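Enquirer: Okay, here's what each chain looks like letter by letter:
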Amino acid sequence: MGNLFSVFQFFVERIIFGYSVIIISAYVILAIVSAFSLLRYIQKNSFVDYNVILSSPLVPTVSIIAPAFNESKTIVENIRALLSLYYHNYEVVVVNDGSTDNSMDLIVKAYDLELVDFAIGNRIECEQIRGIYKSRNRSFDKLIVVDKVNGGKADSLNAGINAATKDYFVAIDVDSIIQSDALLKLAKPFMEFSDKKVIATGGVIRIANSCIIEDGQLVEVNLPKKFLPRMQVLEYTRAFLMGRMAWSTLDGLLIISGALGMFNREIAIKCGGYFAKTVGEDMELVVRMRRYMCENNFPYKVAYIPDPLCWTEAPESLRVLGRQRNRWTRGNIDTLFIHRKIFFNPKYGLMGMLSYPFWFFIEWLSPIVEAFGLLYFVLSALMGQVNWSFFFIILGFVYAFALTFSTYSILFEELTYHRYRKKREILRMLIAAWIEPIIYHPFIVYYSLKGNFDFFINKKTGWGQMERKGFGKR
Amino acid sequence: MFISYQYSGLKYYLKANNITYRVQISAAYQNKIPIESLVKRFSIEESIREDYHKGWFKYSIGNFPDYYDARGYRDKLIANNKTYGAFVVLIKDDIRMDGMDTVQPQTAPTLQTMQKVSYRIQIKASNNQISVADLKTQLAIAEEITEEKINNWYKYTIGNFENYDDAKNLFHRVINIDKINDAFIVTYYGNKRVGYQPIEKKTTVFKEVVSTSKIEQKPVVKATPKPRVIQQKKTVQQPQIVEKQKPAEKAKPAEIPKQEPVAEIIEPSSVDIILFHINSDRLKGTTKKPLTVISENETGEYESQKIAENETKKEPENIEYIEPDQNNQPILSQETDVESNTSYQSNYVYSDTSKSAREYRNRNFLSKFVDKIRFNSKKSFFIWLLLILIIYFIVNLIVVITIVFISRVRKIRKERKIKKIEDEFQLLLAEFLFDTNNEREAYNKLRSTSGSFKRNILVDELMKLCVDLSGEVLEKLKELYFAMELNKDSLSRLKDNRWFVKVKACRELTRMKAYEAKKEIEKLLDSKNEILRAEAQMALIELSEENPYYFLEKLTKPFLPWEQLNVHVMMQRNSYEIPDFSKWLMLENETVVLFAIEMIRVYRQIMNAPKIIKFFKHPNPMLKEAAIITAGELGYVEVVPEMIKIYNEVEDEFKVLILRSMQKLADDTNKNFLRNILESSAAQYIKLDAAKAMFAIGIKGQIELKRYSQTDDAELNAIIKHVFDERI
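Chain order of the listed sequences is A and B. Under the numbering used here, the very last position in the first sequence is 474; numbers go up by exactly one each time. Under the numbering used here, the very last position in the second sequence is 728; numbers go up by exactly one each time.
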C-alpha cells in the first residue's frame with residue numbers, strides 16, 4: 001500500500017509539475033505576443049481616420065442583432081444608443097425573446113412601432129416568430145423588432161440573423177453599452193485582407209460598474225467601487241489584452257465575446273447559425289465557422305480589436321458570479337466536446353494543433369488540476385509528507401508569477417488605453433492584483449468545478465429559466 | 001570527572017531493556033523507498049525493515065543482540081553488498097531509537113567515576129625522535145615539552161591542565177602567537193592518552209571526538225561532572241557523552257577493562273552540534289584516518305574540522321566530510337556508525353574534501369538555504385531556479401510598478417509641456433497668419449525655433465491648421481514650412497527605418513505639397529507595410545495633380561479594400577477630374593480591377609457597363625460579384641439575358657445578387673424567368689428577391705404577384721405580402 005502510494009506520489013508530482021511548466025510557459029508566450037501585437041495595433045491605429053468609413057459606400061453593410069429578455073429597465077435607452085452609433089449603412093434588429101415583463105410594450109410605444117408583413121426567412125431554425133415590427137417614424141427606419149417565443153439567447157440571435165438584410169451582423173447584449181465608434185472599428189478588419197476572408201471580428205469587453213452612463217452612452221469611466229467587479233476588471237483586462245490579443249495574432253482565436261462580435265452573415269448561415277442547445281453559443285459559433293472554412297479549404301481569418309468597444313455590468317454578488325462562471329464552464333466543455341474532431345487534427349491547422357489543445361488542457365482542465373493539486377497537498381500534509389520549505393518556495397513562486405502577470409496587464413492597459421485616469425485607481429488595481437489570487441481566485445476555481453459537476457453529473461446544459469436574466473458577458 | 005562504562009554492565013542493561021542492533025542501509029526524507037528497489041540495488045535477500053522516524057523513512061536489516069556482531073555484519077554488507085554508509089542502529093522494545101541517547105548510560109549500573117582528566121596541547125608528531133631542546137628552540141616555546149611514543153610515533157605535548165579552559169587558552173596562544181597551526185588539545189585520563197579535543201579557533205565551536213588510538217595503556221572511559229547523552233540540538237549547555245566504544249572482551253568489574261568503550265566529554269560551552277564518531281578500527285589503533293566534519297556554529301556559520309590523529313606528516317588522503325541536512329544536523333559519514341537524526345545519502349559524502357570544505361565554508365546564505373530544503377528528487381538546481389525566478393518576479397514587479405507610475409507622471413508632464421509649447425506656437429501662428437502688425441515679429445520668432453522636439457510640435461501645429469485653412473493663408477503657411485526648411489526634416493524622416501515615422505513624414509510632405517518628395521514616396525508603394533503603402537497612395541494622389549491615379553498601374557501588391565476606401569474618399573474630397581475607370585479593367589492586378597468596377601458603379605459610368613459583362617464568368621468571385629451588382633446599379637438592361645444565362649450555373653449567393661440587380665433593372669422581359677423562380681422549389685430568401693424583382697417591373701409584375709396571393713402556399717403568400725408592404 002505504501003509502495004503504491006509512493007508510485008502514485010511519483011507520478012502525480014511529476015504530472016502536476018509538467019503541467020505547471022506548460023501553463024506558465026503558455027501564458028508567458030501569450031503575454032509576449034500580446035505585447036508586440038498591442039504595440040503594433042496602437043501605432044497602426046494612430047494613423048487611421050475612421051471617418052472615411054462614414055463617407056463611402058464601399059464599406060460592409062451591418063445588421064446589429066440585440067436579443068432582449070425582460071430588459072424593460074434599460075431597453076428603450078439602449079435601443080436609442082444603438083440607433084445613434086456611427087456607421088454608414090446599418091440596421092438594428094432587436095429580438096424580444098418572449099419577455100414576460102413589459103419590454104415589448106415599452107419599445108412599441110417609444111418607437112411608434114407597428115406590425116408589418118415581413119416575410120422572415122427560415123434559413124436557420126428558430127422558435128416561432130410572433131411578429132415583426134417597424135416604426136411608423138422614418139427617423140427610426142433602420143429599426144426592426146422581432147417578437148418571438150422564448151428560446152434562449154442563441155435562438156434569438158438565429159431569429160435576428162434570419163430577419164437581418166445586411167452582409168454582416170453584429171451580435172450584442174442589449175444591456176451592454178456599445179461605444180459609438182464600435183462598428184467603425186469592428187468593420188475595418190473586414191477590409192484589411194484581399195487574400196483571405198475575414199469571417200468574424202471580436203472586441204474588448206470592459207466592466208461598466210461604477211461608470212457614469214447617460215442615455216445609453218458611457219460618460220465617465222471609473223474603477224468599480226465594489227470588490228467583485230473590481231476583481232473582474234483585472235480578470236477581463238488580463239484575458240482581453242494579454243490572451244485574446246495574442247491568439248488573434250497567432251490566428252488561433254476560438255472565442256468572440258457574446259457581448260460584442262461581428263460576423264459574416266452568409267458564412268454563419270451556411271454553418272447553421274448559433275447552436276441553441278448550448279450555453280456557450282458564442283464560442284461554439286466561432287469554432288464551427290472556423291471548421292467550415294478549414295473543411296472547405298477557404299482561406300480565412302478571425303480578427304480581434306483590442307480597443308475597449310463594449311462596456312458591460314459585471315456580477316456584484318457571488319451568487320450571480322457563480323452562475324455566470326458555471327455557465328461559461330459548461331459552455332466551454334460543450335463546445336470542446338461537440339468539436340472534439342479538431343483535437344490535434346492537423347487538417348484544422350493551428351486551431352487543431354494549438355488553440356483547441358490550449359482550451360482543452362488549460363482553459364478547461366486547469367481548475368480541475370488546481371483543485372486536485374490542492375486535495376493532494378492536503379492529503380500529503382495530513383500524512384506528514386510535505387516538505388514545507390519547498391512548499392513555501394513553490395507557493396512564493398506561483399504567487400509572484402500571478403502577481404507579475406496581473407501587473408503586466410495593468411501596465412498594458414496603462415500604456416495603451418489608459419482608461420482609468422485617476423492615480424488612486426491604478427493603485428487600487430495593483431492592490432486588487434495582490435489579493436486576487438488569495439481571495440477571488442479560489443471562488444472562480446470552485447465555480448468552474450461546479451460547472452464541470454453540473455455538466456457531467458447533473459447533465460445540465462441549458463441556461464435555466466432564471467439564468468436568462470442579463471446575458472453573460474464573455 | 002569521568003564516567004566508567006563497564007561492558008558487562010552494559011550488556012546486562014541492554015538485555016534488561018530488550019535492546020538489539022540492526023544495520024541501517026538507506027533512508028529517505030518524507031518519501032518511501034520501495035523495498036524491491038533496495039533489494040535489487042543492494043542484492044539483499046534478508047527482510048528489510050522500514051521505520052518512520054522523525055520525518056525519515058529508514059531501512060535496516062539484521063537483528064543482533066551484540067553490538068559488535070552488528071558492526072561485523074555492517075562491514076560485510078559494505079564489502080559485499082556495497083551498502084556504503086550503512087551503520088548500526090539500536091532497537092529497543094522493537095522501536096527504533098533515536099541514536100545512542102536512548103541508552104541512557106547515566107542510569108546504567110556500571111557507570112563509575114574514575115581518575116582525573118587532564119588536557120595537554122600536542123604541538124608535534126614525528127616518526128623519528130626529535131630532541132626536545134631542539135624542538136623548543138625550533139618552535140620558540142618556553143613551556144616544558146613532554147615526549148611520548150605511541151604506535152611508533154613520537155608525540156610532543158606541552159602543558160597539563162585539569163581545566164579545559166586553561167588548555168584552550170594555551171592552545172589559542174600556540175595557534176595564534178606561536179603559529180603552530182597543527183596543534184590540538186589532547187585529553188588524558190590519568191597518564192593515559194585517551195583522545196583529543198578538536199582544534200578550536202575563535203569562531204570554531206564544533207566538537208568532534210574520535211576514539212582513542214592504539215596505546216600501550218589500558219583504554220579508559222572519560223566522563224564529565226554532569227554526564228549526559230547526546231542531544232542533537234543546537235546550543236547544548238551541558239557536558240555531553242559523545243562516544244561509546246567497543247567493550248573489552250575481558251572486562252573486570254570495578255576495574256578499567258582493556259579497550260573499554262570510551263565516552264568522551266565535550267566542553268560544554270557553546271556547542272551547537274555534537275557528532276558521535278565511533279570507529280572500532282581506530283580503537284584498535286589500525287586506522288589513522290582523519291575526519292573532516294562540517295557543523296554550524298552559534299553565529300550560524302558553518303565550520304569544518306579536520307580531526308586527525310596526532311601525526312604531523314603522512315596524513316591519509318581519504319578525508320571525509322559531512323554536510324548538514326535540513327535540520328542543521330550533520331549527516332554522518334560512512335565511518336559513522338552511531339545513529340543521528342539524519343540518514344546517509346551517498347551524494348552528500350565526499351572524499352578528499354579539504355578543498356570542498358573550504359568551498360562549503362565560503363558558500364553564501366542562499367546556498368545554505370538551498371541545501372537545507374533540498375531532498376531526494378528536489379534537485380538544488382530546481383530550487384535555485386525557483387528562487388531566481390521569485391527574485392526576478394519581485395524585481396520585475398517593482399520595475400513594472402515603477403514604470404506604471406513614472407509613465408503616468410511623464411505622460412502628464414509631457415502633455416503639459418507640449419500643451420505649453422503648442423499654445424505659444426498657436427499664438428505666434430495666429431499673429432503670423434492674421435495679424436499684419438505683428439506678422440514679421442511672429443515670423444522671426446517662429447523661424448528661430450530650434451531643437452527637434454519643438455520643431456516637431458511646430459510641424460504638428462502646421463498640419464492641424466493646414467486641414468482647416470485654404471487659399472492665401474494656406475499658402476502663407478506653406479511658405480513658412482519651406483522657409484524654416486521643415487520639409488528637409490520631413491524628408492529625412494521619410495528615410496527613417498521606423499514605418500510610423502515614415503508615415504508621419506509622408507503625411508507632412510503631402511499636406512505641404514512638397515513635390516520633390518514624390519519620387520521617394522513612390523518607393524513606398526511596394527512596401528511590405530500596408531499602412532505605409534496606403535499613405536504613399538494617398539500622397540501620390542495629392543502630389544500628382546495632372547494624373548493623380550497613375551500609381552494604380554504601378555501597384556504590384558494587393559490593393560486592399562481599406563486602401564480602396566481611402567482612395568475613394570480622397571477622390572470625393574479632391575476636385576480632380578474623375579477618370580475613366582475602364583482603363584484599369586485590363587490590369588493583371590485583380591484588386592485594382594475590382595476597384596475599377598466598384599468606381600464605375602459609384603460614379604455611374606454607364607458607358608463602361610458593356611465592359612464589365614465579361615466579369616460575370618470570372619473565376620474570381622469578388623470580381624463576379626462586383627460586376628453583377630454594378631450591372632444592376634447602372635441599369636444596363638442589356639445585361640439581363642446574360643444574367644439569366646448564368647443564373648442556373650452560379651451558387652445561391654450569386655443568384656440572390658442577380659435577382660437584386662434585376663430589381664434595379666426592372667425589365668418586363670424578366671417576367672417569365674422570375675415566375676419560374678417563384679414557382680420553383682427555390683429557397684424562401686431567393687423567392688423573396690425574385691418577388692421583389694417582379695414587383696420592381698411595375699404594374700405588370702405586381703398583377704402577376706397578386707395572382708400568387710390567392711394560392712395556398714403560405715410561404716409564397718407571406719413573400720407577396722412582404723413585397724407589397726411599403727413600410728418595409
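What the hints contain is simulated information worked out from the structure, not anything from laboratory work. All figures in this text were calculated on a predicted structure; none of them were measured in a lab. For glycine and all other residues, C-beta sits at the position ideal for the given N, C-alpha and C. Fair warning: there could be bad hints in the mix.
[Claimed, not checked] Which chain A residues stay away from chain B? Per the calculated CB distances, all over 12 angstroms, these: (1) Asn-3; (2) Glu-13; (3) Ala-110; (4) Thr-165; (5) Lys-226; (6) Leu-228; (7) Ala-239; (8) Pro-315; (9) Phe-344; (10) Phe-401; (11) Ile-426; (12) Ala-433.
[Unchecked claim] For each label pair, taking beta carbons as the anchor points, the in silico distance ranges come out as: (13) A:Asn-89 <-> B:Lys-411: 36 to 42 angstroms; (14) B:Met-607 <-> A:Phe-47: 34 to 40 angstroms; (15) A:Asp-105 <-> B:Lys-645: 18 to 24 angstroms; (16) B:Glu-638 <-> A:Phe-344: 22 to 28 angstroms.
[Said to hold, decoys possible] Computed cross-link-like contacts, DSS-like style, restricted to lysine-lysine with a CA-CA straight-line distance of at most 30 angstroms: (17) B:Lys-557 <-> B:Lys-645; (18) A:Lys-270 <-> B:Lys-179; (19) B:Lys-168 <-> B:Lys-192; (20) A:Lys-166 <-> B:Lys-179; (21) B:Lys-617 <-> A:Lys-44; (22) B:Lys-721 <-> A:Lys-166; (23) B:Lys-721 <-> B:Lys-700; (24) B:Lys-617 <-> A:Lys-423; (25) B:Lys-420 <-> A:Lys-166; (26) B:Lys-92 <-> B:Lys-136.
Enquirer: Against each hint, give a clear statement of whether it holds in the structure.
Expert: Cross-check of the supplied hints:
Distance check on A:Asn-3: its Cβ comes as close as 5 angstroms (rounded) to a Cβ of chain B, failing to clear the 12 angstroms threshold; non-interface status is violated. Look at A:Glu-13: its CB is around 8 angstroms from the nearest CB on chain B, not clear of 12 angstroms, so calling it non-interface is violated. Under the 12 angstroms C-beta cut-off, the non-interface status given to A:Ala-110 relative to chain B holds; the minimum distance is some 18 angstroms. Not every beta carbon of chain B lies more than 12 angstroms from that of A:Thr-165, the smallest distance being close to 9 angstroms; the non-interface claim is violated.
Every CB of chain B lies more than 12 angstroms from the CB of A:Lys-226, the least distance being 23 angstroms, so the non-interface label holds. At roughly 24 angstroms from the closest C-beta of chain B, the C-beta of A:Leu-228 stays outside 12 angstroms, upholding its exclusion from the interface. Non-interface status of A:Ala-239 relative to chain B is upheld: no Cβ of that chain comes within 12 angstroms, the nearest being about 19 angstroms off. Every C-beta of chain B lies more than 12 angstroms from that of A:Pro-315, the closest at about 28 angstroms, which supports listing it as non-interface.
Every beta carbon of chain B lies more than 12 angstroms from that of A:Phe-344, the smallest distance being close to 30 angstroms; the non-interface claim holds. At roughly 6 angstroms, the least C-beta separation between A:Phe-401 and chain B is not larger than 12 angstroms, which violates its mark as non-interface. Here A:Ile-426 does not stay apart from chain B, with its beta-carbon only about 6 angstroms from theirs, under the 12 angstroms limit. With a minimum CB-CB distance of about 9 angstroms to chain B, A:Ala-433 fails to clear the 12 angstroms threshold, and the non-interface call is violated.
The beta-carbon spacing between A:Asn-89 and B:Lys-411, approximately 38 angstroms, falls within the hinted interval of 36 to 42 angstroms. About 37 angstroms separates the C-beta atoms of B:Met-607 and A:Phe-47, a value consistent with the hinted range of 34 to 40 angstroms. Between A:Asp-105 and B:Lys-645, the C-beta spacing of about 52 angstroms breaks the proposed range 18 to 24 angstroms. A hinted range of 22 to 28 angstroms is violated for the C-beta pair B:Glu-638 and A:Phe-344, which are about 56 angstroms apart.
Proximity of B:Lys-557 to B:Lys-645 is assessed by CA-CA distance (about 35 angstroms); at most 30 angstroms being required, the pair is judged violated. Distance restraint check for A:Lys-270 and B:Lys-179: the Cα-Cα separation of roughly 96 angstroms exceeds the 30 angstroms cut-off, and the hinted pair is therefore not satisfied. Restraint check: the Cα-Cα separation between B:Lys-168 and B:Lys-192 comes to about 19 angstroms, which is no more than 30 angstroms; the hinted pair holds. A C-alpha spacing of about 100 angstroms is found between A:Lys-166 and B:Lys-179, which places the hinted pair above 30 angstroms, so the restraint is violated.
The hinted pair formed by B:Lys-617 and A:Lys-44 fails the criterion: a straight-line CA distance of about 37 angstroms is larger than 30 angstroms. Only pairs whose Cα atoms come within 30 angstroms are accepted, and B:Lys-721 paired with A:Lys-166 is accepted, the gap being roughly 21 angstroms. Taking the CA atoms of B:Lys-721 and B:Lys-700, the gap is about 17 angstroms. The hint holds against a cut of 30 angstroms. Between B:Lys-617 and A:Lys-423 the CA atoms are separated by roughly 62 angstroms; this puts the pair beyond 30 angstroms, and the hint is violated.
Restraint check: the Cα-Cα separation between B:Lys-420 and A:Lys-166 comes to about 48 angstroms, which exceeds 30 angstroms; the hinted pair is violated. For the hint linking B:Lys-92 to B:Lys-136, the alpha-carbon distance of about 53 angstroms lies beyond 30 angstroms, and the restraint is violated.
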